[in-house]
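Novice: Put chain G on the given structure of chain U with help from the hints.
Keeping their order, the protein sequence lines are chains U and G.
Okay, so the first sequence: first residue is 2 according to this note's numbering, each after it adds one.
Okay, so the second sequence: first residue is 467 according to this note's numbering, each after it adds one.
The list that follows gives simulated cross-link-like pairs (lysine-lysine, BS3-like), each with its CA atoms no further than 27 Å apart:
#1 U/LYS227 with G/LYS620
#2 G/LYS547 with U/LYS227
#3 G/LYS574 with G/LYS498
#4 G/LYS609 with U/LYS295
#5 G/LYS498 with G/LYS621
#6 G/LYS574 with G/LYS506
#7 G/LYS547 with G/LYS625
#8 G/LYS518 with G/LYS625
#9 G/LYS547 with G/LYS608
Heads up, incomplete: computed chain U residues facing chain G, CB under 7 Å, no partners named:
#10 GLU16
#11 LEU19
#12 GLY20
#13 PHE24
#14 GLY27
#15 SER28
#16 PHE37
#17 VAL52
#18 PRO243
#19 MET281
#20 LEU283
#21 PRO286
#22 SER287
Hint data in this document are derived by calculation from the structure and do not stem from the laboratory.
Ideal Cβ placement from N, Cα and C applies to all residues, glycine included.
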Amino acid sequence: MVDNRKLVAVAVSDELRLGLGVFAAGSLLIRLVGVFSPVSDGFGQALHAPVVLIAAVALGIQALLRLITQTIGWLPGGASEGHDRLRIASNLGVLLLATGILLSSLTRFEGTVVLAEGQMFGSGGVGYLDGSVHSSWYADPPDMKIMMTQVIPSFYNHGRSYWDVNALLDYRNQTTGITKPASVHALFPSLLDGLLFQVSDFGYSLRYQLSGPAGAVIDEAYVILKSFPPGAEDSFSLSTSPNIFYVKYYPDGAPATEGSSPKGNGKTGPVFALRVTRVMDLVSPSRLLAPGEKALLGQESISFVDAVPWAEVRVVRDYGVYLMLPGICMLVGVIVVRLWRGRTA
Amino acid sequence: MANRTLRICILSFVLALAGALTSVPNPWQFIKYKVGIFDKAGETQAVRDSIKQFSASIAGFYASGGSIQGLNMFPADNTVKRRIFLDIQINRESGFVLVADRDRSDVKQITFSDTNHASAIVNEAWFMQYQNIGTRKPVSDKKANYLTLRYLFKKIGGKWIVMDFDVYGRNDSIPPVQQERLAAW
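This is chain U alone, in the form it adopts within the complex (with noise of 0.2 Å):
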């Protein structure tokens, strides 16, 4: 015959909760690192793995169970009554990040979108930057515009790395229709109508003016280009010519090694360095540009005359922080008095 008592024991053991704790971890931080993979998954697509959610599920249900059995004194007490609220403490800390866990992968709603200074961005879940939506089967994807005012990078090394870039946003939330200002920034996520914005990267979008045979400018757009750090090099092609641009920009001058243009090293001002390809011709070798200055490709010419920045926002909508933030605090909370009486006794 089964003992019931010697199941639940096992069940509610600690060797159990340690097993599926170092198991759930370790699968979120082998996805987090990307250890089987050329990148790293994003923290929410990570955080839903299934092996993840079996894991936080079942440590769910060990913790409901614990405090089930403690409170009917199937589990032998502590050592104290001080103890025995630690424990009480600690499984509701596992349930409410389970619990968090759980929630997030039914209501996360996970989205990027790229502005340019000026530019301004509308959505109702469209708009994003392709591949950047996660949508969990109850997501509710926030309906909003922004309003890209300013970007402030704060560089280090040289101006090739940033420690902060802070968007300037114009937020109207299209359900209220209230509009307020907001400052976003990459150290850290803000929290704006129940929406988490942090900036993910960030980068320049150049103007460039296609003008024809007779000097008249035919075509000119600014195009978001992944331009930083400075020497960085990204592509663009118009539906109006075969031909591809790789451009890199520099914003305070180029090395010696780049390009050469008479006009363009030693600058101390900005410089884009420009290639066209056609296929398998080289149409025009790497060269530097001063702004305004133009490349002649055959009867056509093309010329930068302006470089604004841009930042990648990531927005983010998921009611399970709500109880993983708690449930985390909870738990660091228990390891710290735990470890302060072990060093007090």
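Specialist: Here is chain G on its own, set in the frame of chain U:
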């Protein structure tokens, strides 16, 4: 007690690794690559063959003015095929065909980022000349193009397919491939 705790932690982490491995499309190939028993010589030769076929097909498409004969053999992604045939179409509309002959090809480097992704740096010399589409008489001088190409490959159905390629001058520095570009494939 401490030993038992350590054993539980190690076992759980190994299980987590095994669980994560199930999300990899071809776990056995992946493990072989990671532990270094991946057939690198064979795959390197397969990439070289793909580069050779790619160049030969391109020359054929241009010289024929856009004949799609041999398109099935062309180891390229649809976006690359579209780019090439758009260029041929623009030439045709202008009344020209481009005759492009590859003179030399020197594979400098082949790098595998995993079992299904590779990149190759190749020095190539191409001779190009525009001809009248009707008479086939030259309308431009023969231009020698000494280029460095970076091909980006993905292995699909056992074949190395060119997903994209970048053209550089011989003296250009070649920047690293952006991770986002690889992740998109």
